[in-house]
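**Student:** Sequences listed follow chains A and B, in order.
Each step along the first sequence adds one to the number in our numbering, with nothing skipped, and position 174 is 174.
Counting from 1 along the second sequence, just add 1000 to a position and that's the residue number in our numbering.
Careful, some of the hints might be misleading.
[Stated by the list, open to error] When the alpha-carbon atoms are kept at most 30 Å apart in a straight line, the in silico DSSO-like pairs for lysine-lysine are as follows:
1) A:LYS96 with B:LYS1135
2) B:LYS1181 with A:LYS96
3) A:LYS127 with B:LYS1288
Think of the hints as simulated: they come from the structure by calculation, not from any bench.
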Amino acid sequence: MVLGTYKEAFSARSTDKAIQKVSQDGGIVTALLSYALEEKIIEGAVVAGPTDEMFKPEPLVALTSDEIISAAGTKYTFSPNVWALKVAVRQYGLEKVGTVAIPCQLMGIRKMQSYPFSTRFLADKIKLVVGIFCMENFPYASLETFIKEKLHSSLDLTLKMDIGKGKFWAYTDEENLSLPLKETHGYEQAGCNICKDYTAELADVSTGSVGSPDGWSTVLPRTGSGNSLFAKAVEAGLIETKPIADVKPGLGLLEKLSDGKKSKAADEIKKRVEIGLPVPF
Amino acid sequence: MSEKIVISPTSRQEGHAELVMEVDDEGIVTKGRYFSITPVRGLEKMVTGKAPETAPVLCQRICGVCPVPHTLASTEAVDDSLDVDLPKAAKLLRELTLSASNLNSHAIHHFLIAADIVPENLFATAVNSVGEIRKNAQYVVDMVAGEGIHPSDVRIGGMARNISELARRKLYSRLKALVPKVNAHVDLILDLVEQKGFPKGLGVVNQPLFASANIYGDRDFFDLDRFTEVLPESWYDDPEVGKRACTTIPLLDGVNVEAGPRARAAKFRGFTEKGVIAQHVSRAYEMKTYLSRAIEILDELDTSANTLADVDLRGTNKLGVGAIEAPRGLDVHMAQVVDGKVGFYSALVPTTWNIPTMGPATEGFHHEWGAHVIRAYDPCLSCATHVMVVDDEDKSVVKDEMVKI
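One chain only, chain A, in its complex shape:
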């Protein structure tokens, strides 16, 4: 199962113009969390909120749709959302929490739910985890290097970053700068090279751009609760869908990339084991 278990695959996007304007692709994460908040399925969500520094996120315990929307758009560096789950349950007093997580964070969340050491009364309060496809994640200094040193631009001028079509993109008001992905290699977190999960296989609903046309996202509802939430959001008209079979490039590309990450990671794990390095799995 190269994409993990999932109920059905869709190509989808948020129908809300306000979300479309700020979202990375189809705005699925923002739409789902906002919908869950409005329907009181969650009382708040831990998201990668904005800070004073461009593209440097910080966990934000969002209690309103506006706050969730403020966190829209992909930041290619980490936001330690898992850390803030406890704050959300404790000082924020949330009894039903949603969050967005990349695969490694999801592994942490699911493991924490199985073995709740130092997270008493937290595991049962996580009601929704939206997972995002992730090939790798960069330290902030790596992003600075790409934008400043390799693309000779500045983070302040950058409106949006993206990865697609084999390139790392930085959009400014005036131009679309790009960098071949192979130039970014070596700048990712070392842990990404042994991660076998591309499609956030442990999420309630996974989503990401790969497989769908521009402005749309591929969505894989995985759990019963994730599936029913997605179905309700579609029924409520907040998300529109197309069968994944009808869109280009479709699931084939997603499977190819997921498979590639798994086999590359397996090779790297083998290499690390051979030279006596510890690997977590």
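Chain A is already provided as a structure; the job is to place chain B on it using the hints.
**Tutor:** Coordinates of chain B only, in the frame set by chain A:
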């Protein structure tokens, strides 16, 4: 002909202690001696030489019954040594944490004495009531201080963060809903204590009241000049007891004192009764005091206010005092921060103060009431132990060699 009755260990309390009673022919106690046989913790030694932030983290682990008061006393001692001015919101959040924690702790005591006072047909009612109160009280500590048992968010300089407005409203409504339950619980306990038929005058002592404040604690009350500490060998007139006792005997103005709910009630709430019944009654009433204070704090708390002051951890060499009214009495921690490290640390904890008073309180009544007198103080011994058993063979404490704390 006098006989010796020994209860070892005394039961349904935290830690290990022994009650030795000399009785006359009728079984009436003529001399009572109560002492701790719990091994030393030595936390004070562990924190010496460490960074000041370490002190509360380690000292809260003295015991799982009073982790919150120990956290607060330890933090306040370091705050005082560093001359920190706490933000108002932090003070309120700390007091809220303590009020909820003490409410929970008093409920636990009712569980411990349930076997003494609750008839079988009411047992489930009483225990469920304890559980309900504890669940709600601990929920408050969880939310405000990060963790119910070993709170992570009480910090040098205040509290790690304020609670959200949503959390404030939730806690407020939960505690409001708890009011009738606590009232019913208190009525139940008062009834049961009355029905138990404790003899009039049981456990009455006339020692000075050692209470610093109605609820939170006041460091100005603790005057180091009036305080002395003697070793058990010179306090207990039975050499065998003196040899085995594991606590020092703290004295105020040269005499032993009474600390705890009754002492607080007598000093701050006009309560005049004494003895075992009075202790149970004042402890039960105090639950209402804590709950209403917690609700009051939630009402006035500004959830957008700053909760953490700027702190210079290098220290001023001042001997800081943290004085917190724990469930069982005043918990005093002292800390001196020198060059960014803890140079001196000492904890004078509630039950230590009560230990020399508890034994004599059993006198004048049949020895069968002895254990009831002890339990009325709700003793908790693991944090109280500060003398080390050196000889494992005969469990003796090396003479005059208490752990220098």
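**Student:** Hint by hint, note whether the structure agrees.
**Tutor:** Evaluation of the provided hints:
Restraint check for A:LYS96 and B:LYS1135: the C-alpha separation of about 18 Å stays at or below 30 Å, so the hint holds. For the hint linking B:LYS1181 to A:LYS96, the alpha-carbon distance of about 26 Å falls within 30 Å, and the restraint holds. Taking the CA atoms of A:LYS127 and B:LYS1288, the gap is near 36 Å; set against the 30 Å cutoff, the hint is violated.
Taken one by one, the earlier hints fail for this structure only at number 3.
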